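Participant: Just so you know, the protein sequences line up as chains E and G, in that order.
Be aware that the first sequence starts at 1, since it is given in the working numbering, and climbs by one per residue.
Be aware that the second sequence starts at 1, since it is given in the working numbering, and climbs by one per residue.
Keep in mind that the hints were calculated from the coordinates and are not lab data.
Since the model is a prediction, treat every value here as computed from it, not as a measurement.
Don't take each hint at face value.
Said to hold, decoys possible - Across the chosen pairs, the derived CB separations fall in these ranges: (1) G:K388 - E:P119: 48 to 58 Å; (2) E:L174 - G:K239: 28 to 38 Å; (3) E:L35 - G:K341: 35 to 45 Å; (4) G:Q465 - E:P119: 52 to 62 Å.
As the list claims (entries may be wrong) - Going by beta-carbon spacing under 8 Å, a handful of chain G positions derived as facing chain E: (5) N54; (6) P58; (7) I181.
The C-beta atom is built at its ideal place from N, Cα and C for all residues, glycine as well.
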Amino acid sequence: MFSHLDPRTILYYIVVSQIILLLDASVLLEASTVLLFTLPFWFNHQWRLAGGIVVLYFLQLTASLFWLPHVNNAVLLYPLSMLTTGFRELVPGILVGLIAFKFTTLAAWISLFKKWHLPKFFTVSFAVFFRFFPTIRADYRQIRDALAFRGIERGFLGFVKHPGQTFELILIPLLMNASQVASDLTISVLTKGLGLTGRQTSMVVLRLTKVDAFDLAVGSVPILLALGGF
Amino acid sequence: MTTAMITSKNVSFRYPHEQEPFLQNINLEIQPGECVLICGHSGSGKTTFSRLLNGLSPNYIPGELQGEVTTNGLLAGQAAIEDYVPVVGSVFQNPKTQYFTATVKDELAFPLENSGIAPVEIVQKVQQTAAEFHIAHLLDRQMFSLSGGEQQQIALAAATILHPKVLVLDEVSSNLDDQAITRLTTNIRSQKAAGVTIILTEHRLAWTNSFVDRYVLFQNGALTQTWTKQEFLSLSQAKLHDLGLRAVDLTAHRQALAAKAYQPKSSLVDQTNTLEAQQLTIGYQSKQVLTDLSFALKPHQVTGVVGPNGVGKSTLAKTLTGLLKPIAGQINWHGHPFSAKELLKKSFLVMQNTNYQLFCESVEEEVLLNAKYPEKKDELLTQLNLAKFAQRHPLSLSAGQQQRVVIAAALMSGKELLIFDEPTSGLDYANLQRFGDLLQLLKQTETLIVVITHDLELSAGWCDQIIHLGKP
């Protein structure tokens, strides 16, 4: 069972990650942010996910620092910079996105939005969006299985061997199902009254706990480092 | 004379970009506390009409509405979707896209929170509803960990928690096994006893006999016939089939099913067997699903796999097709042990939702994708009645045609074991019959055919042997 975070803690993480991105922070600060933002994963025994992200990030970092300066082919340079530098700078934001999905619940988010009286169109869209990804992930697995029956390998190896074909073949059924899922979820949320005007309540009591306090402190470290001139 | 709960006067409905109205001149009155079942072919307008009753059309699913539909005084097209929330509870076919929150307790609380009920009262109402629906033991469970039947039960409980006057149930039994349907029946009967007006759209009719008061037939968007319960239940099976409807009494089907139960031989070694599963234990690293499973498959027969939701039917399909390795035991092909990789090359799973399995821009390209026998294309397309659709986009075809395209692709890639996962879920009788004909056609080949199904009419009517999982 995960220790749940208050959605406000996650909003704080979002702000910090965006500041780091906008500041065009130093590599040291960026790497520290990535390591700090993986702490909630380590504490919740998400070893493989956290480890995978850290390894990927440092591979990108190593490539951009030591390999990219020696690439002289302009055709290769652009996609490689995108992979090693562009995508790398997005890693803190991606980590926050994962924290938002894994360590809090949709009920907590909706409770926060109700408390802040955010517009209904935003709350309904957010609710559908939040529920959309787990459903699409299950669809993606089914499509990969379906491809395996057509002789196209599943898993990372299959993607590496036939990236274009795999991407194209997955995309069509995924998009077809995505539109149906989005429509079904919207219908469901509307018939359950999330769009009702007037006062709404919530069983979820939002409270900042010790875990939130710790995570807020961790999230503040990159900002303090930035202020300290790193 | 009581005021009708639902009235439909001269109602026609046309979807955007369509020339002709989909619903035509529907006139119907439903009294408070009445339970009405709308039956008819797929695409006859049942779901479209039900969406006019719960406010989804024309508000969210747009179209041009003529005539008047009112539900407890709410006029479709003028009342907002939100106005329907306290009045109408809705449950849909797919349980996986009906829940929003993490736990059962949160899911039941969700409509109450949205209606502004005080948290203390919410807790009481959640407990009360859980007791009524016999789901108190599920309250702290994660929604995604529940079986489809349990999720559908929670969806019904959540739809009734605001005590609506009307329930609209759109093909809610399509994905459910016998046990789940029994629970659903109990819950619907108690809602009826409480005076709730209930409208069902259904293909599977037998489970509804005990609570439906009136049956209504839709054909090509028009309401063509109504029957009282007595009139409907006295219709012969032949008459029902003529109307494209399924059976109302499954007693004979159950007997047929029992007679077809798989009889394990003292030894599986039989020259005519193609596949032999020997003492299989299947499941995942963290969880064994089924143990000591032995059976044999041979050509020219259809094997049905039946059993309750969550018993391991899909896990067995994944194991037989090589997507999962067995935890223990082995699978032999013509007497030789086969690895998961070898099984994957030999087998093909036709999924319930064929949208997952169609990747190309035309039927021709689809069947040629990684085909082992491309020279058989024309012959196979003709055999499966697909030749005239060769240049059409597969996703533009009907569900039955898509299913045939997937089968053609499987046969073109040289697959010798075809497993169908719930192939007739949500199908009317005519389409069930069509699928049965297709099984007969496949039986003439050397292909091994396995059908995973909850559908008694399919398993009793077209399967030659039945493997019943979950029975001691």
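Participant: Each hint: holds or not?
Facilitator: Hints versus structure:
1. G:K388 - E:P119: 48 to 58 Å: Between G:K388 and E:P119, where Cβ atoms are some 51 Å apart, the hint holds.
2. E:L174 - G:K239: 28 to 38 Å: violated, 44 Å
3. E:L35 - G:K341: 35 to 45 Å: holds, 39 Å
4. G:Q465 - E:P119: 52 to 62 Å: Taking Cβ atoms as reference, G:Q465 and E:P119 lie about 59 Å apart, which means the hint holds.
5. N54: Since the shortest Cβ distance to chain E is 6 Å, the answer is holds.
6. P58: violated, 14 Å
7. I181: Violated, because the Cβ-Cβ distance from G:I181 to chain E comes to roughly 21 Å (cut-off 8 Å).
The structure fails hints 2, 6 and 7 (numbered hints given earlier, in ascending order).
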